[in-house]
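Peer 1: Between the sequences and the hints, there should be enough to build the whole structure, so can you do that?
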Amino acid sequence: MRIVTGVLLLLAATLLQITLATRVTLLQGSPDLVLLVLVAWLMLPGNRPDWRWGLVAGLMVGYASALPDWVLIAGYAAGAGICQLLSERIWQVKLFSLFSGALLATLAVHAITMTYLLASAQPLDLVDAFNLITIPTMLLNLIFILPLHGIMNEMSKLISPVEEAE
Amino acid sequence: MRPGKDSPYRLIALVLLAAGLLVLALGGYLSPVFSGVLQPVLGVQGFLFERFQAIQDFINAPADIARLRQENAELRSENATLQTQIIALQQQVAEIELLSALLDFARARPENTYQAAAVIGRDPSPFLHYIIINRGSDDGIRRGMPVVAQQGLVGRVAQVTANASRVELITDPASIVSAQVQPSEMDGVVSGSITGALSIDLIPLDTQIQPGDLVFTSGIGGLYPSDIFIGQVSNVRQEAQALFQFASVQPVVDFTRLEIVLVIVNFQPVDLTPLLSSP
Numbered sequence: 415m416r417i418v419t420g421v422l423l424l425l426a427a428t429l430l431q432i433t434l435a436t437r438v439t440l441l442q443g444s445p446d447l448v449l450l451v452l453v454a455w456l457m458l459p460g461n462r463p464d465w466r467w468g469l470v471a472g473l474m475v476g477y478a479s480a481l482p483d484w485v486l487i488a489g490y491a492a493g494a495g496i497c498q499l500l501s502e503r504i505w506q507v508k509l510f511s512l513f514s515g516a517l518l519a520t521l522a523v524h525a526i527t528m529t530y531l532l533a534s535a536q537p538l539d540l541v542d543a544f545n546l547i548t549i550p551t552m553l554l555n556l557i558f559i560l561p562l563h564g565i566m567n568e569m570s571k572l573i574s575p576v577e578e579a580e
Numbered sequence: 089m090r091p092g093k094d095s096p097y098r099l100i101a102l103v104l105l106a107a108g109l110l111v112l113a114l115g116g117y118l119s120p121v122f123s124g125v126l127q128p129v130l131g132v133q134g135f136l137f138e139r140f141q142a143i144q145d146f147i148n149a150p151a152d153i154a155r156l157r158q159e160n161a162e163l164r165s166e167n168a169t170l171q172t173q174i175i176a177l178q179q180q181v182a183e184i185e186l187l188s189a190l191l192d193f194a195r196a197r198p199e200n201t202y203q204a205a206a207v208i209g210r211d212p213s214p215f216l217h218y219i220i221i222n223r224g225s226d227d228g229i230r231r232g233m234p235v236v237a238q239q240g241l242v243g244r245v246a247q248v249t250a251n252a253s254r255v256e257l258i259t260d261p262a263s264i265v266s267a268q269v270q271p272s273e274m275d276g277v278v279s280g281s282i283t284g285a286l287s288i289d290l291i292p293l294d295t296q297i298q299p300g301d302l303v304f305t306s307g308i309g310g311l312y313p314s315d316i317f318i319g320q321v322s323n324v325r326q327e328a329q330a331l332f333q334f335a336s337v338q339p340v341v342d343f344t345r346l347e348i349v350l351v352i353v354n355f356q357p358v359d360l361t362p363l364l365s366s367p
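Chains as they are written, first to last, in our numbering: chain A, 415 to 580; chain B, 89 to 367.
If you're looking for bench data, these hints aren't it; they were derived computationally from the structure. Just to be clear, a hint being listed does not mean it is correct.
[What the hints assert, rightly or not] Derived Cβ-Cβ restraints for the label pairs, each shown as a range: (1) L363(B) - L434(A): 35 to 45 Å; (2) E273(B) - W484(A): 39 to 49 Å; (3) D483(A) - Q298(B): 39 to 49 Å; (4) D542(A) - D359(B): 26 to 36 Å; (5) L163(B) - I557(A): 38 to 48 Å; (6) I557(A) - I153(B): 44 to 54 Å; (7) L360(B) - Y477(A): 25 to 35 Å; (8) Y477(A) - L302(B): 35 to 45 Å; (9) N323(B) - I573(A): 46 to 56 Å; (10) P362(B) - R462(A): 47 to 57 Å; (11) P362(B) - Q536(A): 19 to 29 Å; (12) L553(A) - I153(B): 47 to 57 Å; (13) Q178(B) - W484(A): 40 to 50 Å.
We treat Cβ as the ideally placed atom computed from N, Cα and C, and that holds for glycine.
Peer 2: Right, here's the structure in full:
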């Protein structure tokens with residue numbers, strides 16, 4: 415049940431990302447809804463964080479994006495891996511790990527994307543990319559992660575109250 | 089003889105009295121008397137009417153309130169329906185205006201065949217500038233076909249599926265368009281950037297270009313048809329050691345508000361790859 419719910423959530427997030435989230439912009443950055451759902455999902459109480467969820471998210475975004483699939487799969491898997499690591503290491507401070515997860519996962523996805531763009535000889539000004547895309551995206555992700563985590567927490571309680579009680 | 093009850097004198101006296109009073113009343117001589125008598129009567133009548141009305145309102149109020157509430161609900165519902173209709177009509181008007189503008193654009197270039205498509209999404213990565221349209225290979229869309237809006241050039245089809253296509257915007261960092269600056273008629277290359285800004289490069293130093301000059305596609309390279317409006321030169325930069333001039337271009341198309349685009353389906357882009365890759 416949790417796997418089906420997770421896949422459906424990521425699918426819905428991908429659709430919302432393509433249609434809606436890309437229109438919410440700050441400078442050139444926009445919130446990465448799929449990454450936020452992934453981080454919030456991995457940090458849910460009762461969920462065992464698993465970096466392989468990043469593969470699923472990367473595959474979905476890769477289908478919609480012009481970037482090669484492997485770039486996004488690697489980016490999101492790295493993001494999920496960071497969340498897994500944080501969740502295991504600093505599990506006592508949920509809020510801190512949630513914010514750190516969103517921040518570091520965004521950095522990981524952007525770092526891998528920028529590395530690919532540079533490697534494929536596409537014109538990319540790293541300073542502009544960091545100032546105009548990465549920092550605004552990180553800020554938007556930090557703003558959206560908390561309400562999204564709250565919503566997903568409530569949804570999780572509704573969907574599987576028994577598992578929650580356990 | 090005393091006059092009895094039925095005495096004619098009494099009757100005559102009464103008639104005369106009545107006639108006299110009538111004459112006095114008509115003459116206005118009795119007004120002070122009437123007003124003096126009627127004033128308290130009217131006061132009492134008003135007092136009684138107000139009390140009666142209050143009692144009647146008190147008795148009928150629940151029924152009236154229920155009726156008013158029902159009417160209010162009906163009017164609110166009707167208002168909401170009308171508001172929805174207004175919004176739908178406004179959207180239709182905007183869509184018709186847009187389609188009309190696109191039709192004008194298509195009519196101005198009868199040599200091209202167009203396929204209209206709606207923008208249904210954008211690339212999830214903020215590093216790339218791509219849109220997704222709702223027409224694919226089933227509608228005759230092929231890779232490399234140019235895409236325009238009513239104002240000018242949008243980009244070209246980068247990837248096609250059966251029912252959707254991905255369009256690379258001219259603002260994408262990887263996009264390169266051969267362009268010509270008017271009125272100097274000098275060729276250059278318009279390229280995008282991660283910020284979405286356009287710039288034109290490779291313009292010889294001895295060419296006079298200035299802000300306000302218009303930039304069109306030149307058709308060189310065979311990727312785009314010629315004479316499609318791209319934008320306007322906004323800022324010219326000449327560096328001391330540079331071989332060419334560089335200028336910023338303000339795109340004519342607002343890429344954040346793209347809703348409907350036209351794909352030029354009868355344009356066959358020229359593939360120069362075999363020539364470029366020859367040893």
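Peer 1: Failing hints, ascending?
Peer 2: No hint contradicted; all consistent.
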